[in-house]
Amino acid sequence: MERFGFIFLVAGLGFFALAFVVSGWVPLMPFIQLDVVSVEELARHVPLEFAELREQYPEAFQKAFGKKSDEEALAEALVLGRATYIAEGCWHCHSQQVRPVGNDEARFGRVHYPEEFNNALNYPPLWGTRRVGPDLLREGGLRSNDWHVAHFWNPPDVAPLSVMPSYPWFFEPDGLTPNKKGLCLIAYVQWLGSWTPSHHETVFDIGTIERAYPAPKIERPLAPVPTAPQQQPPYEEPDTGYDAGYGEQNAGGSPAAPDESDEYGY
Amino acid sequence: MTTPPATARDTQAAARPLVNHGLVKWHLIAGMGWLTLAMFDGLVYSSQFIHHWRFPLAEWLSPGRIRMAHTNLVAFGFLVNSFTAMLYWCVPRLTGQRVLSNALGWLIFYVWLAVIAAMAVGLHLGHAQAVEWGETPVWLDPVVVVGAALLGAQFFTPIARSREKVMYVSLWYFSAGLVWVGLTYIMGNFFPQYLVAGTGAGPMLGLYIHDLVGLYVTPMGWGMMYFFVPVLLRKPIWSHALSLVGFWGLAFFYPLQGVHHFLWSPIPMFAQYGAVVSTIAVEIVVTTVIINFFMTWRGREEALRDSLAIRWFWVGALNYFVTCLQCAFQVTLTFQKIIHFTDWVVGHAHLVMFGVFSFWIYGMVEHLWPKLTGRQWWSPRLCRWQFWLIVVGLEVMFLDLTAAGLAHGFMMRGLSPWEEILQTMHPFWLLRAITGLVIFAGHVCLLVNLWMTARAARAAHVDTDYAPYEVLEEEQPTAAAV
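Top to bottom, those sequences are chains A and B. Start counting the first sequence at 16; every next residue gets the next number (the working numbering). Start counting the second sequence at 51; every next residue gets the next number (the working numbering).
Note that these hints are calculated values from the structure, not bench results. One or more of the hints may lead you astray.
[As the list claims (entries may be wrong)] Lysine to any residue pairs mimicking SDA-like chemistry, simulated, CA-CA at most 20 Å apart:
| hint | chain 1 | residue 1 | chain 2 | residue 2 |
| --- | --- | --- | --- | --- |
| 1 | B | K75 | B | A164 |
| 2 | B | K387 | A | R145 |
| 3 | B | K387 | A | E120 |
| 4 | B | K215 | A | E120 |
[As the list claims (entries may be wrong)] Some, not all, of what chain B presents toward chain A, calculated at C-beta under 10 Å:
| hint | residue |
| --- | --- |
| 5 | Q179 |
| 6 | A180 |
| 7 | E185 |
| 8 | V246 |
| 9 | F303 |
| 10 | W314 |
| 11 | K387 |
| 12 | L456 |
| 13 | H458 |
[Unchecked claim] Label pairs and their in silico Cβ distance ranges:
| hint | chain 1 | residue 1 | chain 2 | residue 2 | range |
| --- | --- | --- | --- | --- | --- |
| 14 | B | L497 | A | A121 | 41 to 51 Å |
| 15 | B | L383 | A | Q48 | 25 to 35 Å |
| 16 | A | V173 | B | L294 | 56 to 66 Å |
Note that the Cβ used here is the ideal one computed from N, Cα and C, for glycine as well.
Pulled out of the complex, with its shape left as it was, chain A reads as follows (with noise of 0.2 Å):
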């Protein structure tokens, strides 16, 4: 037994085979069925955010992305942008993990959920381990892109105490218009969050949940309850009044909002 060709065998290969399967493989079958959502499936819902750095930067936005629609556009800039935050090491600092403990969920916005982050934009998941400043997963909308264009250019001009590095470098030599860099990690930044509706309710809101999970449809009706049998709500109504995706009013109360969720897979 002590000898090498058994340590190798069993506590090498055997326990590491073991544990990479119940602790790295057996967590992944609840997603496992799951279909990875495509770069350009996400770009399809182009935050407003992104139409807006168009019209704000138009000869930068042009020199990056040339004649490119919004979707194509926002698509290459979410792979780039991306990019950036990773080369700069964005996610050291800045989470993206809405925890449902240590009131999260007042800070930042909805709780996160398994499926948002099955996409390609998330080959490996960019979970951050420190919050050095805040978290960024329902950061997208938050802000203007003049505050991140600001914020970029040096940070304590926007919160004097900040601590997060300036980078001249994701702009033009006039320090003013954003370059491709910049423009791609702003639209990347405003892109975070924008898939989950109302995102910026800082209190907690049990429709948006609902609307996430929904009930099960119940076939038959429940057995009738003998006191006041007429007065049961019907089950589907919570949606009600619902403001439905980022920068539609449904007005009116229509029960029919659209269900954005459904749309892109999550």
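Start from chain A and add chain B according to the hints.
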């Protein structure tokens, strides 16, 4: 002093020695060199947090990139080189066999030097990969795996060829650790990057961070400690059986805990609970090592005063106890509500990686450098300065970061405005930078001492720790006379 008459057998042995001192020495030098750079990076990085950044326009020196260089240089530059030096020293001694090939050894040495240099350059140019502690650019990953395989071939050969009746526990750790490091690297750097997306990749990323510590650094460190401490104390290890309990416990429980790095993440709760339970289990395993260390030390308390090397090991073991105690608490879901995402974790990481394993490596350097150069330390006083500066610096840094983490965690939970949190953090970060400076000063003491020792006149040197007893007995009166 007279030299013992050389016999024919001695000359033959000298021609092709069991241990290649050149490889030990140069791996150690490389390790210390990369550690210096890594420490400097850490120090520079800490200056960003106190608004004293000095290179605002240099893209390649951006703090985010410096941070990645810091952690990766520690792991792959400093630790891998130092542990490889340790293996070249220990494995032939424990097995009575030479390593596979000296030429291969030098090849690995130069290739590894190039890999680390390329890694540092790649990180500074912005080629990072989004795997924590494995930010090594993706184009370097295959080379790293090949390097790990070659190191395996180099040291598995003597271990497999050994004809010793009992395999000493250090060899158990080295055998398994050298298999694990390659597998861990493949799992962490290839699966989440190419095969598994999003939440499914989370457990593997956690497992990678965890296994690099638990399945490479820890077995190498424990093996090193189990080799050098009995040698330094000149008495056998307290319980070999207990150390083997530690081995099997480490092998079984340690790799089951990756998910505890992502508690409260979207990873399924059953995996999170499993990781927590398994972590509590590994605390028992770790305790065996601590018990074994202190029981071996018992009865030789004066060694703490006489030998600086044993002092490094002792403080390291004490820090290990603190770390592991801390670990058992911080891994619970309750603690994670507060301390996750805060400086508490940074303090913990520094206490383990620097306060334990690097201290043990310092102990090894303290012990080996005179043997490798054939000279006594140029300045024992400088050795003591190094010890006190680094130990005090690190312990204060640990306490400071732990306190900072608690403050940060509770303020986040209390919904304090972010600016207010930053204001609160400022004095903690200032103290952290100062302790970093103190640690770096201590390290510079070591560098000066290493250099001056190597340059000093060669002394007549008897290898008191490894020479056969007859030689020692013969030498002793002479040594007393000197």
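For each hint, the structure was consulted:
| no. | hint | verdict |
| --- | --- | --- |
| 1 | K75(B) / A164(B) | holds, 18 Å |
| 2 | K387(B) / R145(A) | holds, 13 Å |
| 3 | K387(B) / E120(A) | holds, 13 Å |
| 4 | K215(B) / E120(A) | violated, 61 Å |
| 5 | Q179 | holds, 7 Å |
| 6 | A180 | holds, 5 Å |
| 7 | E185 | holds, 8 Å |
| 8 | V246 | holds, 6 Å |
| 9 | F303 | holds, 9 Å |
| 10 | W314 | holds, 4 Å |
| 11 | K387 | holds, 4 Å |
| 12 | L456 | violated, 13 Å |
| 13 | H458 | holds, 8 Å |
| 14 | L497(B) / A121(A): 41 to 51 Å | holds, 50 Å |
| 15 | L383(B) / Q48(A): 25 to 35 Å | holds, 28 Å |
| 16 | V173(A) / L294(B): 56 to 66 Å | holds, 59 Å |
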